[in-house]
Each structure stands twice: as structure tokens, then as C-alpha cells.
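Input sequences plus hints: build the corresponding full structure.
Below are the chains, spelled out letter by letter.
Number of protein chains: 2
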Amino acid sequence: MTGSPSTPTTYAPTPRTTGSRARERMAYDRELVHSILDEGFLCHLAFVRDGAPVVLPTLYARVGERLYVHGSTGSRPLREAGQDSGMPVCVTVTHLDGLVLAKSTFHHSVNYRSVVVHGRAHQVTDHEERLMALDAIVDSAVPGRAEDSRRANAKELAATAVVRVDLEEVSAKSRAGGPSEEPEDLELPYWSGVLPVSPVYGTPIPADDLAPGTPLPDYLTAR
Amino acid sequence: MTGSPSTPTTYAPTPRTTGSRARERMAYDRELVHSILDEGFLCHLAFVRDGAPVVLPTLYARVGERLYVHGSTGSRPLREAGQDSGMPVCVTVTHLDGLVLAKSTFHHSVNYRSVVVHGRAHQVTDHEERLMALDAIVDSAVPGRAEDSRRANAKELAATAVVRVDLEEVSAKSRAGGPSEEPEDLELPYWSGVLPVSPVYGTPIPADDLAPGTPLPDYLTAR
Chain S
1 MTGSPSTPTT YAPTPRTTGS RARERMAYDR ELVHSILDEG FLCHLAFVRD GAPVVLPTLY
61 ARVGERLYVH GSTGSRPLRE AGQDSGMPVC VTVTHLDGLV LAKSTFHHSV NYRSVVVHGR
121 AHQVTDHEER LMALDAIVDS AVPGRAEDSR RANAKELAAT AVVRVDLEEV SAKSRAGGPS
181 EEPEDLELPY WSGVLPVSPV YGTPIPADDL APGTPLPDYL TAR
Chain L
1 MTGSPSTPTT YAPTPRTTGS RARERMAYDR ELVHSILDEG FLCHLAFVRD GAPVVLPTLY
61 ARVGERLYVH GSTGSRPLRE AGQDSGMPVC VTVTHLDGLV LAKSTFHHSV NYRSVVVHGR
121 AHQVTDHEER LMALDAIVDS AVPGRAEDSR RANAKELAAT AVVRVDLEEV SAKSRAGGPS
181 EEPEDLELPY WSGVLPVSPV YGTPIPADDL APGTPLPDYL TAR
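So the sequences go chain by chain: S and L. Take the first sequence: its letter number 206 is residue 206 in this note's numbering, and every next letter is one higher. Take the second sequence: its letter number 199 is residue 199 in this note's numbering, and every next letter is one higher.
Hints are computed from structural coordinates only; laboratory data are not their basis. Each residue gets a CB set at the ideal place from its N, CA and C atoms; glycine is no exception. Hints should not be assumed to be uniformly reliable.
As the list claims (entries may be wrong) - Incomplete in silico selection of chain L near chain S, CB under 10 Å:
(1) Thr9
(2) Arg16
(3) Glu24
(4) Arg25
(5) Arg76
(6) Asp185
(7) Thr203
(8) Leu210
Now the structure itself:
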């Protein structure tokens, strides 16, 4: 869906994606937004309930200009997304890349890349789109896994809510590089720099009930 | 502040911390909540603006029964927390521990530990509490760092907003262990189990302007 002649290379900024400060860290480039979203699979989904905010972690996948999130049909927020107008949501994806240690506590910071999506969550009712989205969510976390597992049956599909949020009002924000310093602080004796941090996968742990000798699939050995 | 005779060992559940499903994964134990909060330093803070939810990543620290978050005094949400009644917020901290691969896509899941705090953000105006909170936020990410850096001066303090959220309406949620399976799926040939994931720190990168020979502090070598 991207790269078509009609798709602009950037998302149009809006008042709520413009930010009140640190605007130099904001970006609207579509490819950058996609790359940040595609690197992750866990988002924080916020909605309003009884006038108060709620934010919950959940899995997602990006397919073209849509984010998909799934859950139980018994889940309150996903039920509310079933209304025609959709449910106002904000979806944020954050990758932490490092801790930035400056000479002063004030200039301590983190290196990160994040995307914030403002929009409405809509129930996905089309059967094919639901199947595609569920595969995409599994593959978002473990690429190649969806086709190497049993797909949802009718009963499971009936118990699963799939919602989508269109990527229209979107911004990326990031920080990279070493600490900012006040010039007069440079002589201070404290160490300064960046402590990198990244998620690392461990050795896969077979399930207790896995038949002995079941080979580890390539998509897990490569991580 | 914890462990005093008047502090119950659990947070009292409320309608919005009870959850609509998967209640077996919910917990209100104070020590568990504290341990999840203390393991992290990056939260997702949600608030409502013009009727719509907003969720942003930010640093935090727990001190006793309070969470502290800081930011620029120019930041809109932190300014709004300056109102007497505070600003309704939800703060969520999530640790991802593993990807759970079941035989069926339906039973795919993640292992995680999360805490959700519902409450109101209040500006911290007391000078000593502000200083303590700023140190705590630095030490939350890098224990021992606050005292090994230049503390904020008057100008920097004036530019920094510190807000607190009291830990009153709080729940923890977690999943651990291997996949759940439908009995009839156990014969399927797919690998099943858990792919562990955790944040890992890399080799510290000195700042370009750091004086050669500045020793790496113990609190960084130990990570």
C-alpha cells in the first residue's frame, strides 16, 4: 500500500502531532515511521473510559497504512471499538536504544525511537482481513511463524476481536548520539557517554509437552 | 514508606483495576507491584487532551508509594498537572519476558509483567521533594549515578516540572511459563515453547568530549 503514486512520503503534521517542545526530534517521514513500527510488536494502546485515560500493553502489526491489534471479544475496549464511529485511541511504540549520561543530571536523557499514532479503532469484520491481520500479528513478533502453526478455527475466530487504526495522524520522535553538555561542565570529573541497551533473545525453551526431537525452526535459530 | 504497620500488603482492587477478563493474571500485591516498577525506568504515561487519549513514553522513579515523572515546564501535559485537582493519568510499565509459541496461532502469547497505575498527576512544588525526585529518576535508570553528576542548579530546576502520581489504584498483570494448548493440537508437528527476551546493556560509549583517561564508574561496569 505504500509507494503508490498517491501516497505522500510524509504524514501531514497536525496540532496534536506537532508537540509543544523538542520539535527538532519530531519527524513525519513515512518510511521512518514504518521502520520504527516494523521493528516492534508490542505497543501501548490508550483509550478513554469514564473520562479517564487507560493505557495497556498489547501486540500489534502494521500492514500498509493500517495498524492491527487483537484481543478477546470479551475485552471492554475492543467491544467499544465496535461502534460505528470507532473509539478514539492513541497507540505508541517505543524502542529504547540507550541511556545518555551527561555531566549534569539535567542533561541526562535516553536515546530512543518512538511513534505515536492518533486515531480511531474500528472493528475489523471482513473475514479475509481478520485472518490476514491475525497472521500479521503473529508474524510481527516472530516472522515466518504464522504459516508454521495451526490457523484459527471458526470458534477461535469468533472469540477474537480484531481492530484496526489507520495511519493518518502519525509522528515519530527520536534521540540519538551522545550527551548535550553545558560548556562549563566539561571539566567536571564525571564519566559521560551512552550506555546502549537493546532487547536480546535467549535460547528457545521447548514446551514441556513438545514431542522430543521436534526440530527448532529456522526462524528461531536465526535470531 | 512501605512496611509500616498501617500499610496493607495489597492495593485494594477497584472496578478499573479488576479487568474484564484474564483475572487470574491480575495481582494487587504491594511487593510485587513495587518489584515490577523498580525493575524499570521507562513508563508509558497516558492522559486525555480534548477528549482524546494521548500516551507518551517517559522516565519515572518510584519512591515509597509515589511515582515521579519529570519534564520541561513547557510541556503541555505537565503544565496541566499544575491544576489543584491534578490531571487524570494512567501510567503503565511493561517488562516483556518472552514470546510464547503455541501449536495454534490462537494460543500464541507473550510472557510479561506489567503494572497499571490509575490516578492523578500533581505538580511537586516542595523544593526538597523536587530535588529528591530528580535524583530518584536518574538513579532509577542508572543506580548510583545521581551522586556522581552535577546536581541541577536554580535555572535548571526552574525549567523542570516534576509531577507525582500516588500509588493507590494499582494492579499488576503477568504471564509466565509455556504455551497453553488444545489437547487435539499436541500431535501437530510445529515447534512450541518460549523464546525468552530481555533488555541487555552494551559496552558504554564515552562522549566525544570526555577527557581521555576518565575512568568508567563501577555502577556501569557492573551491568
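Now the hints, each set against the structure:
Using the Cβ-Cβ criterion of 10 Å, the hint placing Thr9 (chain L) at the interface with chain S is not satisfied: the shortest such distance is roughly 25 Å. A cut of 10 Å between beta carbons decides the hint on Arg16 (chain L): the least distance to chain S is about 7 Å, and the hint holds. A least Cβ separation of about 14 Å between Glu24 (chain L) and chain S goes past the 10 Å threshold, and the interface hint is therefore violated. A least Cβ separation of about 12 Å between Arg25 (chain L) and chain S goes past the 10 Å threshold, and the interface hint is therefore violated.
For Arg76 (chain L), the interface hint holds, the least distance from its beta-carbon to any beta-carbon of chain S being 5 Å, beneath 10 Å. For Asp185 (chain L), the interface hint holds, the least distance from its beta-carbon to any beta-carbon of chain S being 6 Å, beneath 10 Å. At a threshold of 10 Å, the smallest CB-CB gap from Thr203 (chain L) to chain S is about 7 Å, leaving the interface hint in force. Among the interface hints, the one on Leu210 (chain L) holds; its C-beta lies about 5 Å from the nearest C-beta in chain S, closer than the 10 Å criterion.
When held up to the earlier numbered hints, the structure conflicts with 1, 3 and 4 and fits the remainder.
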